[in-house]
Amino acid sequence: MITVPPVNWPALLPYLVIGGGGLVVMLVDAFVRTLRKDHLTALTGLVFLGAAIAMIAVKPEPGPQLGGMLTVQMYTRFFDFLLLGIGLVTTVYGSAVYSQDGDYRPEFYPLVLFAVLGMMVLVAASDLLILFLGIETMSLAVYALVCGRRGELRSSEAALKYLLLGSFASAFLLMGAALLYGCAGGTSYAALAAVGGTGEGGPLFAVGLGLVLVGFAFKVAMVPFHMWTPDVYDGAPAHVTGFMATAVKAAAFGALIRFVTIALPGLAAHWSGLLTVLTVLTMTAGNLLALVQASIKRMLAYSSIAHAGYLLLGVLAILAPAGGDPGRPLRESAVVQAAGSGLLFYLLGYCLMNLAAFGVISQLGRSGGVEADQVDHYRGLSGRQPVAAAVLAVAMFSLAGIPGTVGFLGKFYLFEAAIRAQLVPLAIWGVVNSLLSVYYYLRVVVVMYMSDDQTEPFDGRNWETILLAGCLAALVVLLGVFPAAVHGLTSLAFGTMLG
Amino acid sequence: MEVGLTHYLLLAAAVFLVGMVGFIVRRNTLIMLMCVELMLSAANLVFVAFSRELGDEAGHVFVLMNFAVAAAEVAIGLAILMEIFRRRRSVDADDLNTLME
Amino acid sequence: MIPEPVRALLFYLCAGLALAGGCWVAFARNIVHSAFALLATFAGVAGLYAFLSADFLAVVQLMIYVGGVLVLILFALMLTSRIEEARVSNPTIGLVPGAVVLIAVSALLVYACVKEFGGTTDLPPGEPTTAGIGDALLSRYVLPFEVISVLLLAVLLGAVTIAGGRLRKPAPGGKPGKERP
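Protein chains in written order, with numbering that gives the first Met the number 0: chain A, 0 to 498; chain B, 0 to 100; chain C, 0 to 180.
Careful, some of the hints might be misleading.
As the list claims (entries may be wrong) - Here are a few chain A residues that sit away from chain B, every Cβ distance over 10 Å (derived from the structure): (1) V23; (2) S169; (3) G184; (4) R383; (5) Q421; (6) L466; (7) A473.
Stated by the list, open to error - Covered by chain A, according to a simulated footprint, are these stretches of chain C (three or more residues, beta-carbon under 8 Å): (8) 8-18; (9) 130-143.
To be verified - Listed next, with one range per pair, are the computed distances between beta-carbon atoms: (10) R6/C - L280/A: 43 to 51 Å; (11) R26/B - F35/C: 54 to 62 Å; (12) S138/C - R460/A: 54 to 62 Å; (13) G67/C - R460/A: 42 to 50 Å; (14) L26/A - F144/C: 20 to 28 Å; (15) S148/C - V27/A: 17 to 25 Å; (16) I401/A - M62/C: 33 to 41 Å; (17) G3/B - G131/C: 50 to 58 Å; (18) V430/A - V99/C: 26 to 34 Å; (19) M62/C - T2/A: 26 to 34 Å; (20) V476/A - V109/C: 51 to 59 Å; (21) G67/C - G54/B: 25 to 33 Å; (22) L38/C - A293/A: 56 to 64 Å; (23) G131/C - A189/A: 19 to 27 Å.
Read the hints as simulated data drawn from the structure, not as lab findings. These numbers come from a predicted model, not from an experiment. Note that the Cβ used here is the ideal one computed from N, Cα and C, for glycine as well.
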């Protein structure tokens, strides 16, 4: 006898809207002959907006869905909104790029929708099976997006490389999941928590955990699993790179934070030493390698590795108190609360500033088959396109962590939480690193403003992209000056996850 | 001579490691894809073995999903490979055209 | 019921097939040999599934892998025979780090496997699983079932548009998307 678990439709509505929207966009493109590409952009935008409205208008009872496969709560809703926003921005950027190129790429829109759906499911997963399928849906759609520039060997090669290393990483994740399944007797987070929460899992459990974390480490580009990042970020079209740098990273971190805090608060006992070393390596290697890059996309790739390092510092701060006192519930710890809300705030800021930067890069267009990739291409941009230059400058200031921007506050919250979690040396090292990073971010600003070379060939203009990037830059500054409301929100959202 | 769970786990570990090493040392992209398939098969074997041990069908469902994911990865991978191949060849052809002009 | 020594013999046969096939896949010089060795591995693993009384999975393994994945790989092999050394723009990590990783991971895995389940355990007798899987897919696992269908749809779309460049329709009023001759 089949007993279907109760379906809470209101809670699942956003997922249904995005998935169904992807189908509709696909079918409309296939069957409506009088279609212009603006229509597809508008339709995709409507789907994203519809899902956001569905989340605001329908307030479901939070909790596990469909027999504990998925959990809908304020934490996952926070990420849903973030991912929907990124998807919308990417759609607009992409449509502008393709109309500049005179290229018609209808598959771009449903692929973005499916990727976002995979990410939303990934963050909300409460079972290793859903976690795995969410990661794969996201990744496979993004592989296809990276390959999104026909006739460019670079983007195809980037896609192949990403696919090979990505599937290598999923094999690790899968093996880890298999071992965890065997040790815990089930694949749900609850079953894992019953074994891992006490920090008493056997060696096989610890190995399985390590393998799952390797799978995550690839997705968040943690040293030594970061090798794919610069090549793939460089080879992909700029709007797709922006999508990868923000949405993929946010979703992977969202799922990682949930996985370690819910399923495995006792994790620190096994892996925190190694994790500390890797965090330091990730920060340092990302920043040192970013220093020597001449290509702005490669520089941003290494910078995203460094930022993953700062975020890992926050994850360590969540785990540190649990390791010291395994019996104590995480929600009672003020340090955990501070670290968690800092992480969410940082992720939000990180996505805003990166999207702004990649918007400017993608709207400068292409010349001779390449994008405005070298830092030298930005020489004198302030004279030619003052608004674009200002947006990029704000994004760079924020990435560097200059006060008055969201990047500064995010780092401040994270480092403060790390200090409260008694990770003082790590926090100091983080500050040193972010001082180091000021050099390579500001180099871009200097090139844009201190030189008046007017001969660069990259002078694409697209008002939609620049308007959107401008709004994002304004948000970067706004949140940098008035963080209180949003920080309260992230704090609340993280609190709901701890239960 | 009795065969138990440990045997399956050790075998799966061995196949997984062979796939991993193959992936790391080989440069041919097709062979790398095949090595990933080996690693996935090893993981599937662990799932099925544990599923048998626990008397629970969750492992079987997981493996069924893995089949689909593995096939999907191969499909996308080979599509990209074909695109690269075609591009390479057509790039050569373009070169010939320029020489003829 | 098959007597115990025969069972053990069959197990080692399947295990040997899977492992030897795997080694051949990874280390054969000739890529066609690799592809056929993969067949041996898949067959060996299917045999092991049958051994673990996962009858349904054994059949599906043969159908999907041997009938689908392997044929796909062979086609790709024949169509792209000229890119034997398809360049991945970055070199993979070399032999020495590979050996280090191998030793570390294998030590860890073997230690964990033996430590946890030292000796052999009696496996409970198996029963047909197909009905159980079917029930599970439509009840507890209905969400994964839906998610995987979205995944397959996305892959279908991606693979067709990446590989099938010629099917592209021109943008109304714009240049055709395809520039290839």
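Evaluated hints:
For V23/A, the requirement that its beta carbon stay farther than 10 Å from each beta carbon of chain B is met, with the minimum near 22 Å. Residue placement check: S169/A does not keep its beta carbon more than 10 Å from all beta carbons of chain B (closest about 8 Å). Residue placement check: G184/A does not keep its beta carbon more than 10 Å from all beta carbons of chain B (closest about 6 Å). For R383/A, the non-interface assignment is confirmed: its Cβ lies about 33 Å from the closest Cβ of chain B, beyond the 10 Å cut-off.
At roughly 37 Å, the least C-beta separation between Q421/A and chain B is larger than 10 Å, which holds for a residue marked as non-interface. Distance check for L466/A against chain B: the nearest CB is about 34 Å away, which clears 10 Å, and the non-interface claim stands. For A473/A, the condition that its CB be more than 10 Å from all CB atoms of chain B holds, with the nearest at approximately 38 Å. Restraint check on the region 8-18 of chain C versus chain A: 0 residues with Cβ-Cβ distances below 8 Å, three needed, restraint violated.
Counting residues of the region 130-143 of chain C whose beta carbon lies closer than 8 Å to any beta carbon of chain A gives 8, which meets the minimum of three for the stated coverage. Distance hint check: the CB atoms of R6/C and L280/A are about 49 Å apart, consistent with the given range 43 to 51 Å. A hinted range of 54 to 62 Å is violated for the C-beta pair R26/B and F35/C, which are about 20 Å apart. Between S138/C and R460/A, the C-beta spacing of about 55 Å keeps the proposed range 54 to 62 Å intact.
For the hinted restraint 42 to 50 Å between G67/C and R460/A, the CB-CB distance of approximately 48 Å keeps it satisfied. Checking the proposed 20 to 28 Å range against L26/A and F144/C shows it holds: the Cβ atoms sit about 22 Å from each other. Separated by about 20 Å at the C-beta atoms, S148/C and V27/A satisfy the suggested range of 17 to 25 Å. Judged by the Cβ atoms, the range 33 to 41 Å given for I401/A and M62/C is violated: they are separated by roughly 59 Å.
The given range of 50 to 58 Å is broken by G3/B and G131/C, whose C-beta atoms sit roughly 23 Å from each other. Separation of V430/A from V99/C is about 33 Å and conforms to the stated range, judged on CB atoms against 26 to 34 Å. Separation of M62/C from T2/A is about 29 Å and conforms to the stated range, judged on CB atoms against 26 to 34 Å. For V476/A and V109/C, the hinted distance range of 51 to 59 Å is satisfied, since their beta carbons lie about 55 Å from each other.
Between G67/C and G54/B the beta carbon distance is about 30 Å. The supplied range of 25 to 33 Å therefore holds. In this structure, L38/C and A293/A break the distance hint of 56 to 64 Å, their C-beta atoms being roughly 47 Å apart. For G131/C and A189/A, the hinted distance range of 19 to 27 Å is satisfied, since their beta carbons lie about 22 Å from each other.
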